[in-house]
Amino acid sequence: MENVLKLPDELRRAVAADLLPVKPLASPPRRALAVAVWVPLAALLVLAVLGLRHDAALLGGFLTWGTTFLEATLGLVLVVLALAAAVPGGGASREHAALALAVAALALGNQAWLTRAASAGATVPNPWISNGPVCFALTTLLGLSVLTIIAVLVFRATPQRATLACLLGGAGAGLMADGVYHLHCWVTDLRHVLLWHGGAVIALTLVALAAGLAWERRESARMAARLSR
Amino acid sequence: MDDAGDQRKRLTELMVAYQAGDAMAFEKLYGELAGPVLGYLRSLTRDAARAEDLLQETFFHVHRARHTFHPERSAKAWIFAIAHNVFLMSHRAASRLSRHEGLAENELPDVPVPPGLEALAARDVLTRALARLPEKQREALLLHHVQGLSFQEVGAVQGVTALAAKLRSHRAMIQLRDLIRGKGR
Chain L
124 MENVLKLPDE LRRAVAADLL PVKPLASPPR RALAVAVWVP LAALLVLAVL GLRHDAALLG
184 GFLTWGTTFL EATLGLVLVV LALAAAVPGG GASREHAALA LAVAALALGN QAWLTRAASA
244 GATVPNPWIS NGPVCFALTT LLGLSVLTII AVLVFRATPQ RATLACLLGG AGAGLMADGV
304 YHLHCWVTDL RHVLLWHGGA VIALTLVALA AGLAWERRES ARMAARLSR
Chain R
3 MDDAGDQRKR LTELMVAYQA GDAMAFEKLY GELAGPVLGY LRSLTRDAAR AEDLLQETFF
63 HVHRARHTFH PERSAKAWIF AIAHNVFLMS HRAASRLSRH EGLAENELPD VPVPPGLEAL
123 AARDVLTRAL ARLPEKQREA LLLHHVQGLS FQEVGAVQGV TALAAKLRSH RAMIQLRDLI
183 RGKGR
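Going down the list, the sequences are from chains L and R.
Residues 124 to 352 (my numbering) make up the first sequence, in order.
Residues 3 to 187 (my numbering) make up the second sequence, in order.
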């Protein structure tokens, strides 16, 4: 037993070879501020390039800007949970994560329903298809830009629970992107919103999940190689 | 300050010194926590040799992830959380190596036994009863009763809420008593 508890030479050498001082990571909410900055920048870009939705006056301030703010805030909460899950013993439990994802899904559905109730929006020939691919592509593109920032923050923490962290980060990125794109898209038909906008959120979540799984597989493979020596 | 409070303060100081580049602090940290972490890994793996491999692997990960420790958090819970995840990763690694997990009940290594229960039955009876508990419940019980982690810390290690960790430990204790009394056969 005593031999086992002696610091192994291999470990001592590995530590000695890389003992530069490190700065402790800031708390998850503080690190998420870097992601929060993305929201106004992305909103400005969408408004400058695509313009504000045509039914903004009909929807009023809350259903135009307020829902964007709420969706982006919920997305940020998911990002904070993702960053907490990335850190060992970071305090983000699976129960909290499941609750946050459920609230996010409800918020997305509720926003779509409230917006539809306030404005018929643009009439499109086929709500299942018309405008859908463009909305999906642009929301996903926006989401990928913020997901890149989130991924850098998550992987900097050499995540122990990469799958959970990435799942939450992907959902957060999706929600934030959809919140911002809501400022432009004036198709309020629920079929369009749930299929194409909800689909973009799910796609971003799946992309992030795949990245988390790939990280865990790589880490497992490296561990297998070390253990087999 | 009580013993647990003293240890928490000492481990935090060691971690902060280690983050600042002090190799001795790492050695002291290893000296203080290698034993408890090994006991924990033995209870998870039920394989003494594999637990020793994973102990070294855990401290490799501690080194790689040392920047993720925050002095406001418990260093012990942080390291046990790494050990927990190293164990989970080793499941996947083991499948790559085609190694089988765990041992038969009669080959169990000497896993730690909660001190309050030692009066209830012989050590081997307790060890076998512990081995029959569901894995997550056994882990919560041992982290709290043997390693002295609070339920908040156990929850952080297992990635669940403190309440869920407390329930797991409580259920494990009830089941363990039943098994010792022969009700859980």
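It should be emphasised that the hints constitute simulated quantities derived from the structure, not laboratory data.
Any given hint might turn out to be false.
[What the hints assert, rightly or not] With a Cα cut of at most 27 Å, we get these calculated DSS-like pairs of lysine-lysine:
| # | chain 1 | residue 1 | chain 2 | residue 2 |
| --- | --- | --- | --- | --- |
| 1 | R | Lys30 | R | Lys11 |
| 2 | R | Lys168 | R | Lys138 |
| 3 | L | Lys129 | R | Lys11 |
| 4 | R | Lys30 | L | Lys146 |
| 5 | R | Lys168 | L | Lys146 |
| 6 | R | Lys168 | R | Lys11 |
| 7 | L | Lys129 | R | Lys168 |
**Study point:** Pair hint outcome, Lys30/R versus Lys11/R [Cα-Cα no greater than 27 Å]
**Key:** Roughly 14 Å separates the two Cα atoms, so the pair holds.
Practice item. Take the C-alpha atoms of Lys30/R and Lys146/L, compute the straight-line distance between them, and say whether it is at most 27 Å. Key: holds, 20 Å
Review point. Is Lys168/R close enough to Lys11/R, meaning Cα to Cα at most 27 Å?
Key: holds, 24 Å
**Study point:** 27 Å Cα cutoff - pair Lys168/R, Lys138/R
**Key:** Given pair Lys168/R, Lys138/R holds - Cα atoms ~11 Å apart, limit 27 Å.
Review point. When you check the alpha-carbon spacing of Lys129/L and Lys168/R, does it fall within 27 Å?
Key: Distance ~33 Å between Lys129/L and Lys168/R Cα, so the pair is violated.
**Study point:** Restraint check for Lys168/R with Lys146/L, where alpha carbons must lie at most 27 Å apart
**Key:** Outside the cut-off at roughly 33 Å; violated.
Point to revise | Distance restraint between Lys129/L and Lys11/R, which requires alpha-carbon spacing of 27 Å or less | key: holds, 23 Å
The structure shown violates the earlier hints numbered 5 and 7.
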